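J.: Listed below are the residues making up each chain.
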Amino acid sequence: MKALMSVAALMGAAGILLLAAMTVGIVPSNTVRLIEGYMPVQVIAELTLFVAGFTGLSYMMAAMGMPFPRFWQGILFWAFLLIYLKFRIYPPIPFSVRAMYGTISLVAIFMWVSANEEDWKKFKQPIMNVLDAKTGGAKALRIGYLVIIPILIGGFSYNAMVPKSEEPIELRTVHPAPPASTKVHGKTYTLQTSQNPYRVNPEGKYDQEYSNANIVEQGMGRLMKPNANPWDKDAQGYLKYVREGGEIFYQNCHFCHGDNLNGRGLHAFAFNPIPANFTDPGTIAQLQETFIFWRVSKGGIGLPNEGFPWASVMPPWEQHLTVDEIWKVVLFEYWHTGYYPRTWD
Amino acid sequence: MGRVAGKKIFSIMALCAMVGLLLLPIAVSLPSLAMGADAPDAVKKEGEAKVEKGRDVYYKTEGIVVGAPAPKTVDGPRDYPRYNFESRVLLWFANQQHLYYGSFVLAVPIFCMVIEFMGVVTKDKAMAKRYDQLAYDFIKISLTAYSLTAILGGILIFTFLTLYPAFFGYLSGIFRPVMHIYALMFVAESGTLYIYYYGWDKMRDGFLKWIHLSMSVILNVIGTLLMFLANSWIGFMMSPAGVDEQGRYLGNIWHVIHTALWNPLNVHRILGNMAFGGGVVAAYAAYKFLASKTDEDRAHYDWMGYIAMALGVAFLIPLPFAGYWLMREVYAYRQQMGITLMGGLLAWLFIIQATMIGILFLSTNYYLWQALGRMRGAEKYQRYIKYLVFILCCGYLVFITPHTIVMTPAELKAMGGQQHPVLGNYGVMSAKNGGINVIITTTILSFVWYMRGNKVSTVSWSKFGNIFMGVFFACAYVNIIWLAIYGYYIPANVRVGLSVPQVATTLSCLFFMFPLNAAMMKGAKQMGAIEWGKISVRSQYALIMLATAFTWMMGLMGYIRSSVRLFWHVNEIMRDNSPWAYTHTVGFAANMISFNVLFFWVSILFVFWLGSLGMKKAPVEAKAGVPGGAPQPAGGH
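For the protein sequence lines, the chains are A and B, in the order given. For the first sequence, the numbering used here gives the first residue as 1, with consecutive numbering after it. For the second sequence, the numbering used here gives the first residue as 346, with consecutive numbering after it.
The set of hints was computed from the structure by calculation and includes no laboratory data. Among the hints, a few may not be true.
[Said to hold, decoys possible] Listed next, the stretches of chain B that the computed footprint assigns to chain A, with coverage defined by at least 3 CB atoms under 8 angstroms from CB atoms of chain A: (1) 510 to 517; (2) 561 to 568; (3) 897 to 907.
[Said to hold, decoys possible] Dumping the calculated DSS-like pairs for lysine-lysine here, alpha-carbon to alpha-carbon at most 27 angstroms: (4) B:K867 - A:K124; (5) A:K2 - B:K725; (6) B:K405 - B:K485; (7) B:K808 - A:K2; (8) B:K879 - A:K122; (9) A:K183 - B:K417; (10) B:K405 - A:K124; (11) B:K879 - A:K86; (12) B:K470 - A:K187; (13) A:K183 - B:K405; (14) B:K470 - B:K758; (15) B:K879 - B:K808; (16) B:K725 - A:K86; (17) A:K2 - B:K485; (18) B:K547 - A:K122; (19) B:K725 - B:K554; (20) B:K870 - A:K121; (21) B:K870 - B:K468; (22) B:K879 - A:K124; (23) A:K121 - B:K731; (24) B:K638 - A:K121; (25) B:K470 - B:K554; (26) B:K731 - A:K122; (27) A:K164 - B:K758; (28) A:K121 - B:K808; (29) B:K731 - A:K124.
[To be verified] Take a look, some chain B residues computed to stay more than 12 angstroms from chain A by CB distance: (30) Y404; (31) L436; (32) M682; (33) G772; (34) V804; (35) T930; (36) V947.
Please read all numbers here as calculations on a predicted model, not as lab measurements. Even glycine gets a Cβ: it sits at the ideal position worked out from N, Cα and C.
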């Protein structure tokens, strides 16, 4: 047990030193990189290792007769989490989410330090010492708090009330609910039931499983499946339509949506927000194909009321493309990203 | 002997009479049910040519039009008479209060049934008496609440009639037979409840006790059917069926009742009511615990709080799965509605909902950890609590991550687009399913620890059993997390289906580990008795938090369910043309929900106070239920 805890303690100490050094810039901030695609699991794994490390540190200090006070354990662990969320994760997490995470962490720490009477007494002790003020230092601290806390509250209140020139926060709806149907080039399409006419098998019948089997491998490389190259001159049917969709995409869409479909095209950074990142699992992977058809056809100007604050400059492509071209572009987007359109069967 | 037989015959006759009373409303309203069949005859008399047929908007079947089209309302005193106030808010208030009380009085008799049954089957006579007294205390609380429910129901109807006459006229035109059955069943429910309550002492022993218990079953059957009928109205408003595109009734009342969302709504509401009822009773016990002056009282209310919490949480655990089914049906019914709920306009309300669900589970776990403190020998588990906190916290953080993030344009720019490589993955269903299943599995683990807190297994295979349980839980966590990650690599329809093995994993922990643990603890060595009343006061605040979170979440979910219709009274059939056909801001909705919660708790405190007056009048009976020297309660383990 002791050996295990020693390893954990070493790990904890090394981890905290490395994180501190990366945060202040003593070592390059990408010494231990968070890799896109693996970041969500990586973040939880890192936090788990840190918790194991801190447990080891606490155990070892207690074993050496220098137990770390529970009060400071709680406070410092919370501070660590806040610093981790603020400086470790890149791109930066917006304040609203950090505030949510910070609050929950605080509650969790309270649950930990008050889970049993003994721990709770240990945690409360320094607070009670200051309140009781039996020593000179505690008395001074109590007076200090008496002065500082009202000033802090006053400062926060002032800061909250003072008029600011900052842009207000926005609650942008990423996926506004689509209409039940949409009319494109004179024909009405019911979004719940319409299908992409080019998602077909070699017999020319609508076949999602066939097309799913021929999309690129999802992952870092996004590799094409063997014998499923749309740019093969002999490609027919579904793959041929993907190629045609690709041609339309690179003639019209990639300037903004990027040649890798990740929303980082040539003109992307002229907009805020930048165009949608189709490689993210939260965009087209969550939606029915008809949803994309509707959005491409109607563009930013066709966003419904729910699409507040309508921050999209996408043109209504029905004015530039035919219905067939739009379906083919949609087909290509799913093929290239390796995602499957949502279905409800 | 003859007297006993006579009593038995009389009891059976009484029970049959009650069943008859239950069936009476259905029999009485049969002619109304056949309205659809009568109507064609009436039409036939006027000549075959005048028969008009319509197509059911949901079932796609053809039917003869027998109802008027949905009124096309206009903003004015005819369709939307009003005070100098937003009518919708008044209706919201009346509806919510009625629902709170309705849920409470439907849930408590189910608890009474369970507890009374436990009392009847328990061999320990002292325990049986305690259970019986507890069930009686429960029903006493619900009796006053029952009157308030009826009063609030009346207020709700009058609010509808006076502020939304056109809409209510249309709805009652379609649901005429259902509303009559509903009213008559309410009479049957009241009659059964009063006999059940006032007959408690007379039917205390022997065969009569079983008759009394049977009455609680009947009471709950009526109550559940009542709720199902009321659900059919809201189901119709969300996903209408049995009418044509103009909203004309096509004569098939079953189609109107059995809409796309009726069944999932029924299941979700039963579970929700039970969890809510458990929360309210637990809060009552906590309040009484905190106000207790004697150790004896503290012991009683500690035990009562534990039983209520355990019953509430038993229904809380499957509640997210029922909610998941409901949402799945919503998406299947209208993609548009599903996206408005979970990805669009109302997405942030769902984040608040996830936060509340997390609070419920955190409070439950915290209570259980505190409860370990009243057992001697449970210290061995307490040192591992910090790891459970960490697991719970990770699951919770993922579960509440928003898909639609609140941020300034500067933050949006710094993030490099709307999609964040970490938050974007946490913010979708695959990860969230993993998060909630981790939370629930951890709660089950806490329960297992609690149940074995002061015991040491003495069975010969205890070592193997412990290892097996440990490996089972570890595999469950790995499976849940693995499936959550795997969900990103497969088609959406398959991903949605992945929730089934995840849920199955969680439930298998519940259904296999609980019995296994019970088998291991059979004849276990006791390290010390449970010292009822010696629990920390923090645990009681956790119970109050649990109940408040339930109440707030019910208000929130009711609002979400209602506002997803956007500007429709009846989705895609009858448009809301009042000036209030817009969706409230999140802030306004939150304030309104908080007001409703506050009002409910203030009023239920009044109900509790009335209950306490009754207790003071019957000290002898009450004494019988107070636990003595803290014996081992069967419900505890």
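J.: A separate judgement is required for each hint: does it hold in the structure or not?
T.: Now the hints, each set against the structure:
Restraint check on the stretch 510 to 517 of chain B versus chain A: 0 residues with Cβ-Cβ distances below 8 angstroms, three needed, restraint violated. Residue count for the stretch 561 to 568 of chain B with a Cβ under 8 angstroms from a Cβ of chain A: 0. That is fewer than the three needed, and the coverage hint is violated. For the stretch 897 to 907 of chain B, the stated coverage by chain A is not satisfied: 0 residues place a CB nearer than 8 angstroms to a CB of that chain, which falls below the threshold of 3. For the suggested pair B:K867 and A:K124, the alpha carbons sit about 39 angstroms apart, so the restraint of at most 27 angstroms is broken.
With a C-alpha separation of about 18 angstroms, the suggested pairing of A:K2 with B:K725 holds against the 27 angstroms cut-off. Of the supplied pair hints, the one linking B:K405 and B:K485 is violated, its CA atoms being roughly 48 angstroms apart against a limit of 27 angstroms. Between B:K808 and A:K2 the CA atoms are separated by roughly 23 angstroms; this keeps the pair inside 27 angstroms, and the hint holds. The hinted pair formed by B:K879 and A:K122 meets the criterion: a straight-line CA distance of about 20 angstroms does not exceed 27 angstroms.
Between A:K183 and B:K417 the alpha-carbon distance is near 25 angstroms, which keeps this suggested pair within the 27 angstroms criterion. Distance restraint check for B:K405 and A:K124: the Cα-Cα separation of roughly 67 angstroms exceeds the 27 angstroms cut-off, and the hinted pair is therefore not satisfied. For the suggested pair B:K879 and A:K86, the alpha carbons sit about 42 angstroms apart, so the restraint of at most 27 angstroms is broken. Between the alpha carbons of B:K470 and A:K187 the distance comes to roughly 76 angstroms, so the proposed pair goes past 27 angstroms and is violated.
In summary, the hint linking A:K183 to B:K405 is supported, as the alpha carbons are separated by about 23 angstroms, within the 27 angstroms threshold. Taking the CA atoms of B:K470 and B:K758, the gap is near 70 angstroms; set against the 27 angstroms cutoff, the hint is violated. Between the alpha carbons of B:K879 and B:K808 the distance comes to roughly 31 angstroms, so the proposed pair goes past 27 angstroms and is violated. About 36 angstroms separates the Cα atoms of B:K725 and A:K86, which puts this hinted pair outside 27 angstroms; it is violated.
For the hint pairing A:K2 with B:K485, the CA-to-CA distance comes to about 57 angstroms; that exceeds 27 angstroms, so the pair is violated. Restraint check for B:K547 and A:K122: the C-alpha separation of about 55 angstroms exceeds 27 angstroms, so the hint is violated. Restraint check for B:K725 and B:K554: the C-alpha separation of about 43 angstroms exceeds 27 angstroms, so the hint is violated. Taking the CA atoms of B:K870 and A:K121, the gap is about 30 angstroms. The hint is violated against a cut of 27 angstroms.
For the suggested pair B:K870 and B:K468, the alpha carbons sit about 21 angstroms apart, so the restraint of at most 27 angstroms is met. Between B:K879 and A:K124, the direct Cα distance comes to roughly 20 angstroms. Compliance with the 27 angstroms bound is thereby established for this hinted pair. Proposed proximity of A:K121 and B:K731 is supported: the alpha carbons are some 16 angstroms apart, at most 27 angstroms. This hinted pair checks out: B:K638 and A:K121 have alpha carbons roughly 24 angstroms apart, not beyond 27 angstroms.
Between B:K470 and B:K554, the direct Cα distance comes to roughly 14 angstroms. Compliance with the 27 angstroms bound is thereby established for this hinted pair. Between B:K731 and A:K122 the CA atoms are separated by roughly 15 angstroms; this keeps the pair inside 27 angstroms, and the hint holds. The suggested pairing of A:K164 with B:K758 holds, with an alpha-carbon distance near 20 angstroms, which does not exceed 27 angstroms. With a CA separation close to 34 angstroms, the supplied pair A:K121 and B:K808 exceeds the 27 angstroms bound.
Among the hinted pairs, B:K731 with A:K124 is consistent with the structure: their alpha-carbon atoms are about 17 angstroms apart, no more than 27 angstroms. The Cβ of B:Y404 lies farther than 12 angstroms from every Cβ of chain A, with a closest approach of about 16 angstroms, so its non-interface assignment holds. A cut-off of 12 angstroms between C-beta atoms confirms that B:L436 is not in contact with chain A; the least separation is 23 angstroms. With a least beta-carbon separation of about 7 angstroms from chain A, B:M682 fails to lie farther than 12 angstroms from that chain, contradicting its non-interface assignment.
The Cβ of B:G772 does not lie farther than 12 angstroms from every Cβ of chain A; its closest approach is about 6 angstroms, which violates its non-interface assignment. The Cβ of B:V804 sits about 27 angstroms from the closest Cβ of chain A, beyond the 12 angstroms cut-off, so the non-interface label holds. A beta-carbon of chain A comes within 12 angstroms of the beta-carbon of B:T930; the shortest separation is about 10 angstroms. Consistency note on B:V947: stated as away from chain A, and its beta-carbon is indeed over 12 angstroms from all of that chain's, at 26 angstroms minimum.
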